[in-house]
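So the protein sequences, as listed, match chains A and B. Following our numbering, the numbering of the first sequence begins with 1 at its first residue and continues without gaps. Following our numbering, the numbering of the second sequence begins with 1 at its first residue and continues without gaps.
Some hints could be false.
To be verified - As a list, the in silico DSS-like pairs of lysine-lysine whose alpha-carbon atoms are at most 25 Å apart:
| # | chain 1 | residue 1 | chain 2 | residue 2 |
| --- | --- | --- | --- | --- |
| 1 | B | Lys-132 | B | Lys-24 |
| 2 | A | Lys-110 | B | Lys-105 |
| 3 | A | Lys-125 | B | Lys-111 |
| 4 | A | Lys-110 | B | Lys-75 |
| 5 | B | Lys-193 | A | Lys-138 |
| 6 | A | Lys-144 | A | Lys-219 |
| 7 | B | Lys-81 | B | Lys-21 |
| 8 | B | Lys-182 | B | Lys-53 |
| 9 | A | Lys-114 | B | Lys-75 |
| 10 | A | Lys-110 | B | Lys-178 |
| 11 | B | Lys-81 | B | Lys-178 |
| 12 | A | Lys-125 | B | Lys-75 |
| 13 | A | Lys-114 | B | Lys-105 |
| 14 | B | Lys-81 | A | Lys-144 |
| 15 | A | Lys-110 | B | Lys-53 |
| 16 | A | Lys-203 | A | Lys-219 |
| 17 | A | Lys-315 | A | Lys-244 |
| 18 | A | Lys-110 | B | Lys-78 |
| 19 | B | Lys-24 | B | Lys-193 |
| 20 | B | Lys-104 | A | Lys-110 |
| 21 | B | Lys-132 | B | Lys-104 |
| 22 | A | Lys-114 | B | Lys-78 |
| 23 | B | Lys-131 | B | Lys-21 |
| 24 | B | Lys-78 | A | Lys-125 |
| 25 | B | Lys-132 | A | Lys-110 |
| 26 | B | Lys-115 | A | Lys-114 |
| 27 | B | Lys-153 | A | Lys-110 |
| 28 | A | Lys-114 | B | Lys-53 |
| 29 | A | Lys-114 | B | Lys-24 |
| 30 | A | Lys-219 | A | Lys-275 |
| 31 | B | Lys-182 | A | Lys-191 |
| 32 | A | Lys-203 | B | Lys-182 |
| 33 | A | Lys-275 | A | Lys-345 |
I should point out that these hints are in silico values taken from the structure, not numbers from a laboratory.
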Amino acid sequence: MKDEQTSIPTSKVQRATRFLKTGAKVGGNYLKHYGKKMFDSELSRDQLDNDNAADIYDSLSELKGSALKIAQMLSMDKNVLPTAYQDKFAMSQYSAPPLSYPLVVQTFRKYLGKTPDDLFETFTKNAVNAASIGQVHKATLDGKTLAVKIQYPGVADSISSDLKIVRPIASRMFKIGTAELEQYIGEVESKLIEETDYSLELKRSMEITGLCGHLEGIKFPTYYPELSSDRILVMDWINGLHIKEWLATNPSQEQKNEIGQRLWDFYDFQIHSLKQVHADPHPGNFMITDDNKLGIIDFGCVKEIPEDFYEQYFKLMKDDVLNPDYNLKDLFFELGFLSDKDTEKEKAFYLEIFTEMIELLGRPFRSKTFDFGDDTYFKQIFEVGDRVSKMKEIRNSKTARGNRHGLYINRTYFGLYNLLNELKAEVITS
Amino acid sequence: MEKAVKKKATKASLSAVAIMKAYKKHLLTEGSQPKSVFVFMEHLNEEEEEFYKYFSSFEAIDAELWKSFAERTIKAIKSDKAYNGYGAREKMLAFLFTLVEVLKKDRSYVKLTFKRPDKPELVPAWLRDFKKEFDAFSMEVIEEGIGSEEIVKRPILSERYYDGLWLQILFIISFWLKDTSKGFERTDAAIEKSANLSFELMGRGPLDLMLDFGKFLYQNR
């Protein structure tokens, strides 16, 4: 497991450098392009796009071995690639230099008609934090400390064009038909575009935090619609420690279980009652406050779960699916894990693999309590994932398996499992 | 009869502003300059010579209009409280962002008149006054940048910094004219990135180290 983990670029910095490399190359390609163009105005953009495509391909191939593998295994098909893209696009933003203060002022003028100095009592000239597609400034108003998130200009605009470059490479790289790839990329694209719409994020944040308000021990910031717009989002500043920092203060096992339980309940309530979920369980989005509450921010990525998908998907987590007389095959057909085009041999092969994975990944749901601190469980997940991704049947399969709605649900659970593992929490799961 | 017309005309005696306005309106509705000053003034029920009191040609009106863009921009940024606290880079950024906002009000006019010169060292007559204003501003900023060591004084090169900033502003205006993004967001990004690059280049950086190393090699060979 150790080896596996070191090969996975988990830290922001590591991933950022990876994409920085691509970024630098792509930037170089543009320079090369304009350099050549000065002497030869006939030069077409095709050469440029090809150069870019090749470099993005290189970087994605590197990811193929690590981040992708986990994602791959989790979504139980080989089409999790879009998750890798998503990281890629999110990460490529980390390499963007911070916005200059005049641009911050310009953004305020454009969207709110006033400067930060007009609106707030104090406003930090420099960003205090980088968000995935923007940056955060700290401000004060009427005795309250506020977090002001400002989006980089042009991000929303460039997503579709970036994905256009990547599409053909993806289809070559993973040998998947364009139509099948399309539904996954489409899912990711729509989520990415949603993430750039701060007005939508504001609406969702207020809605979900309102509906989750009764959950105990959880703290949400208050949002300020009158100070927000499409590119600016204002909320309370939450003081607290990130999970890693909090763990360094040596909390007791009871405290860890308590935080873990709150995290689990928060997700459980969203998925099963609200049918829409904060689909970005990134460690940076959680904070533990002085009074041991769990602070939760960032509702930029919310997945709404369609009813029929919900029914099918959570059947997988029930106790009885593993009984020998349960008709798993039909359920797999419904979920798209198996297809009519499969040969009998393929059907048998995938039935076995998916059954093994469901047993493993659904295990926390099949007992009353589950100890996420159990590293042997995670080790097993990595081993199975590793073995499956090396199978030539999987690598050469041309069919996409799984359901596009599963993409973000799997990502959510994967993130949640990881957070709980980091907390070493034992949680009441059912 | 003739007297009556003349009387009417003197009554409505045209100011420079009114001529500029009428000219701009003609340009925007017709898509081109009037055939001649005579035709133009006849439309305004005016004698041709009235025109020459203020302007020598249509190009002179264009020059005046462009100059006013620069003047309005500088006035707007200097009236912002935050401006005095800015460093050189931020002052230039503020100028560029504000200029685009100013030009936005007259985008159609800018689109009709702005043609990027084929040879950058040639400045067309209608852009000359605008350049004068901008050069004065950028020299002020450069000087301040040198004072605060944000910008490095280099032999020969530093006297040409403002030429670089001029090319940059031409690039930004033509980028903005081609920009199709919502709210011209891409132009904002273009301004930010290009100004950051030019100030990196004018600041102490690899360039100086390269020159220094080159000089060392040359002297020690």
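Okay, the hints, checked on the actual structure:
no.	hint	in the structure
1	B:Lys-132 x B:Lys-24	22 Å, holds
2	A:Lys-110 x B:Lys-105	13 Å, holds
3	A:Lys-125 x B:Lys-111	35 Å, violated
4	A:Lys-110 x B:Lys-75	19 Å, holds
5	B:Lys-193 x A:Lys-138	24 Å, holds
6	A:Lys-144 x A:Lys-219	16 Å, holds
7	B:Lys-81 x B:Lys-21	32 Å, violated
8	B:Lys-182 x B:Lys-53	43 Å, violated
9	A:Lys-114 x B:Lys-75	17 Å, holds
10	A:Lys-110 x B:Lys-178	20 Å, holds
11	B:Lys-81 x B:Lys-178	32 Å, violated
12	A:Lys-125 x B:Lys-75	23 Å, holds
13	A:Lys-114 x B:Lys-105	18 Å, holds
14	B:Lys-81 x A:Lys-144	24 Å, holds
15	A:Lys-110 x B:Lys-53	40 Å, violated
16	A:Lys-203 x A:Lys-219	18 Å, holds
17	A:Lys-315 x A:Lys-244	34 Å, violated
18	A:Lys-110 x B:Lys-78	18 Å, holds
19	B:Lys-24 x B:Lys-193	33 Å, violated
20	B:Lys-104 x A:Lys-110	12 Å, holds
21	B:Lys-132 x B:Lys-104	21 Å, holds
22	A:Lys-114 x B:Lys-78	16 Å, holds
23	B:Lys-131 x B:Lys-21	22 Å, holds
24	B:Lys-78 x A:Lys-125	18 Å, holds
25	B:Lys-132 x A:Lys-110	28 Å, violated
26	B:Lys-115 x A:Lys-114	33 Å, violated
27	B:Lys-153 x A:Lys-110	36 Å, violated
28	A:Lys-114 x B:Lys-53	41 Å, violated
29	A:Lys-114 x B:Lys-24	30 Å, violated
30	A:Lys-219 x A:Lys-275	21 Å, holds
31	B:Lys-182 x A:Lys-191	19 Å, holds
32	A:Lys-203 x B:Lys-182	21 Å, holds
33	A:Lys-275 x A:Lys-345	37 Å, violated
The structure fails hints 3, 7, 8, 11, 15, 17, 19, 25, 26, 27, 28, 29, 33 (numbered hints given earlier, in ascending order).
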